[in-house]
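Protein sequence lines, in the order shown, are assigned to chains A and B. Residues in the first sequence are numbered consecutively from 5, following the working numbering. Residues in the second sequence are numbered consecutively from 8, following the working numbering.
Simulated from the structure, these hints should not be mistaken for laboratory data. Small disclaimer: the values here were computed from a predicted structure and weren't measured. Do not take every clue at face value.
One side only, chain A facing chain B, incomplete, derived with CB under 10 Å [claimed, not checked]:
| no. | residue |
| --- | --- |
| 1 | Val626 |
| 2 | Pro685 |
| 3 | Ala744 |
Straight-line Cα separation of at most 25 Å, BS3-like style, residue types lysine-lysine; simulated pairs [said to hold, decoys possible]:
| no. | chain 1 | residue 1 | chain 2 | residue 2 |
| --- | --- | --- | --- | --- |
| 4 | A | Lys625 | B | Lys281 |
| 5 | B | Lys300 | B | Lys186 |
| 6 | A | Lys625 | B | Lys32 |
| 7 | B | Lys264 | A | Lys625 |
| 8 | A | Lys282 | A | Lys245 |
| 9 | A | Lys133 | A | Lys67 |
| 10 | B | Lys146 | B | Lys63 |
| 11 | A | Lys245 | A | Lys87 |
| 12 | A | Lys444 | A | Lys410 |
Where is the CB? At the ideal position from N, CA and C, for every residue including glycine.
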Amino acid sequence: MTTAYEPNVVLSTKEYDVVGTRPIRHDGVDKVTGAAKYGADFYASNMLFAKVLRSPHAHARIKSIDTTDAESLEGVRAVVTSKDFGNLPWTYERDQVMASHKVLYKGHPIAGVAAINSHIADHAISLIKVEYECLASVATVHEAMKENAPILLDDLRTEDDLGNNSESNTNVAKHIQYSTGDIEKGFNQADLIVEREFNTATVHQGYIEPSNFTVNWNQDGRLHIWLSSQGPFEIRGDAAKVLGIPVSNVKVTPMEIGGGFGAKFSVFSSPIAALLSKKTGHPVKVVNTRTEEFESSTPTPGSYLKVKIGITKSGQITSGQAYLAYEAGAYPGSPVGGGANCLFAPYDIPNQLIDGYDVVVNKPKTGAYRAPGSPNAAFAIESIVDELAEKLGMDPLNLRLMNASKSGTRRSDGVKFPRIGCIEVIEAMKSHPHYSTPLKGPNQGRGIAIGYWMNGAGESSITLTVHPDGHINLVEGSADIGGSRASISMMAAEVLGIPAESVHPSVVDTDSVGYTSGTGGSSVTHKAGIVVYQAASDVKLQLLDRAASIWGTDSNSLEMNNGVISSTSNHNLKISFEDLAAQLNDTGGPIVGRAALTTRGPGGAFAGHIIDVEVDPETGKVAILRCTAFQDCGKAIHPSYVEGQMQGGTVQGIGWALNEEYFMNEDGSMANGTFLDYRMPLALDLPMIDTVIVEVANPDHPFGVRGVGEVSIAPPLPAVANAVYGATGIRMNRLPMTPASIANITK
Amino acid sequence: MKWIDFANPTTLDEAIRLLSEHGEKARVMAGGTDLIVQLRVSPERIGNADLVIDGKGIPELNEISFSKEEGLTLGASVPCYKIYQNPTIAETYPGLIDSASLIGGIQIQGRASIGGNLCNGTPSADSIPTLIAHNVVCKIVGPGGTREVDVEDFCTGPSRTILEPNELLVSLHFPAPPKGFGARYIRFIPRNEMDIAVAGVGASVQLDEKNSVIKSARVALASVGPTPILVNEATSALVGKSPEDESAISKAGQAAKSAATPINDMRGTVEYRKHLCDVLTRRALNAAITRAKGGTIDVH
Ligand SMILES: Cc1cc2nc3c(=O)[nH]c(=O)nc-3n(C[C@H](O)[C@H](O)[C@H](O)COP(=O)(O)OP(=O)(O)OC[C@H]3O[C@@H](n4cnc5c(N)ncnc54)[C@H](O)[C@@H]3O)c2cc1C
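Make a model of the complete structure from these sequences and hints.
Written as structure tokens, this is what we have:
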């Protein structure tokens, strides 16, 4: 007898009343009715509209900027250039906001115009005359690392792990090295050594809502920014720094956000709007076009990786060596560290040596994108592990299981893993019906892969106010990009024994809540969960104290379960949370619970994918036939939103694998800065992505939560490559795997 | 800010008069799915037009009529959805439906017309190879009266057509398909929707009464030259051959590959596009033959 197949399973290890259920999200009605206010929806009276003049060249010296004609156009209220920063010193951050002496990529801002409408602003920027001296540019790490390569930043030296700097000019900003065991000994113990090279293209997060900022520089010197951001507090700090004003003078109001995936952490044009507002005395709004978004926001890097693995005949990995070079974009700061941390993380490899290089190139500065650095690394290691399994004649999951990391395994960066779910994820993949279902025809292949992401933790501050009707107001500072309002409310509800619907969450401005680090590193449900647990416990204690004072007993003899406060010693003493809430003002005053904390112990996350493809043998086009995503989530607070994260990451990973890339013109500019030609997957390109939530509780969290937002993007890159190998017999070592490259027509 | 005037004429004469008065500064609008984007993003591409003349109010531009004797007359403004939602047309011209149901998506097809696709005149337009495969004749009106032009002569360069600034396209005429006629359009895109053809092929065949000989055939290519390309050598390779003759079909594929003159760009290389012309020609011809024999094909 076979049981019916059920999609979207949750392999739960602990059940709760509210946590683990699927209530309707608190912001759902506003989102589906269009009432929700996003950044671009913000309007202020007397507001001006700004446009940014951007470099048409990938690399050029600015000889002169003449703004006279733009300034005299009717309807223009102000024009700013980097001169308007005044006497503030040149920094990478300020230069990224507006170039002063050199432009480092096509799209690099040079000037800003504020006008009474955006058409006039648009016209005005076309009247600004800039004289350039064009310079040779570098678009890849290969070009940038060549001897005698054009240098982007005159002051840049290579910094090593000990903080020492190279003597000469370079495009390599940093060299990191991880070393454990004895790499040579490890390779000597191996029966089989495979070394492969991989290249991946620059890709963009592709969020639907372009970046936007409205800024008001008030007459009292205080700055107010309304925007769509993942990190209102980071923006507050960075805007203050770039503009040279005290952080307490800046207030940031996060509006609803239409996707970020890591990219919406930068101040981008907000300081330009601030300078324009200061000059005009009006609020100034700037909204990027999609092309500006591609050409000047923070994509994730293209990379080159060379990875070498040694393994014994029986399948024990003995040694791993890697060379990673990641594009930083125009200024230092690629996620090569993330790549180095994640590369070997799924495996217990006793001897390792990893060299990582952070390389500046003439492209916009890179930023975070879902598990930054990890997908590039996963593509390399998981392609090789697949090849090793084939060469040894072993099942690819068994080989992974044999070498899987577990609690106590030492990570490449030296840290020992706490309790992790790598083995559990692989086992869930092995026992899933997808893995044992035969493929149905020729030109089909199945690929599997796993991946890791560290996850982040950090600061969170939450206030809970008890309403007289037993509802709770929850005030928090985490921009909600994945349903976190619902999850945080559910954890508060769980502690207090009330329904999720009785908690009313608000994400507020930076003046109205304590410091909260940004919505990144899959950190929100983890850190806000710990903090809301404490804040709700604070409310609970105060409620017990209040009941004790009403009843004239000791609060130690009272308990609160399922929303009812009762005495353990006297059965007559019993009151519902709701009834007690109604009496608060008359019995001592309102109750407000609060907690604020720098949290730790995010608990790393592992994911795995099984992907079936069919390759058109003549055109090389890949169809994704079936895809199952597995992930250790610790505890899924709201399983639907965890599934949404897993599916979303998977889709982005598949796009990265197959079609997405910054296609560069000869002159170093991006050719495909629109959604027409930057090809993200669309609904018809994918089957429904099935999910399996694995729950290995994180011991550092009251509900066992691990971050869930990122890791699912990593395994699809190699899983698709491995599936394409199964279908065609060709190992793809370059992303994207375009149809032409799979059909092997590469000219 | 630029102001654009909008005219909504209800007769052909009025439209011609407006066109004659405004010359290159006036543009006729069918669905506007190309035109409105161009007005916003690349106005210089359409002569910085400042008058939009809506074709939706002119009866001749909105005609859609079919008879077994006369064939199909398709007004230049008729949106795609009206074509594929018409059961007679859908049954009679499945090759036309391939294009009409492919352009953009559901929302675009609610406005976009075949006439607009043709007049826009891009090499990648997904209906033009289909029109060529169907031997369509274009009816054009100007101050001097009406003229008729074979569709394969309509496009003269990228986004350039034989239309004079004071002329407009009234309608497209599709001959009634005799028994044994079949057509198919296929394009290649790396995804499955919302993309510009890397290469596209429209093909048609006319078989004899016994379905044993190809009496005539047409193969036309999209996206591989400055205009859509009618491949005459493919016709020669096929005429007189059996529809089962794989080598004739291969020859037609090779002919398409040779006729293609594509460029290298972000959407594909010269070599890959030529390769696709071969593959798609063979596939389109086989599907057209199946249809010619009265069969149906899986259009996905
Ligand atoms: C999201 C999106 C997806 C798209 N996908 C595709 C696709 O998959 N395949 C494809 O081929 N195209 C696609 N297009 C382009 C466009 O939709 C098609 O070319 C469509 O057929 C144009 O028809 P229209 O009726 O909207 O033309 P319009 O925009 O109204 O007109 C197009 C041009 O023809 C001229 N014109 C219109 N009618 C006449 C007339 N009667 N006489 C003289 N000149 C005239 C106009 O002045 C204009 O220059 C897409 C467009 C969008 C926005």
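**Report entry** Violations among the numbered hints
**Finding:** The structure conflicts with hints 6, 12, although it agrees with all the remaining ones.
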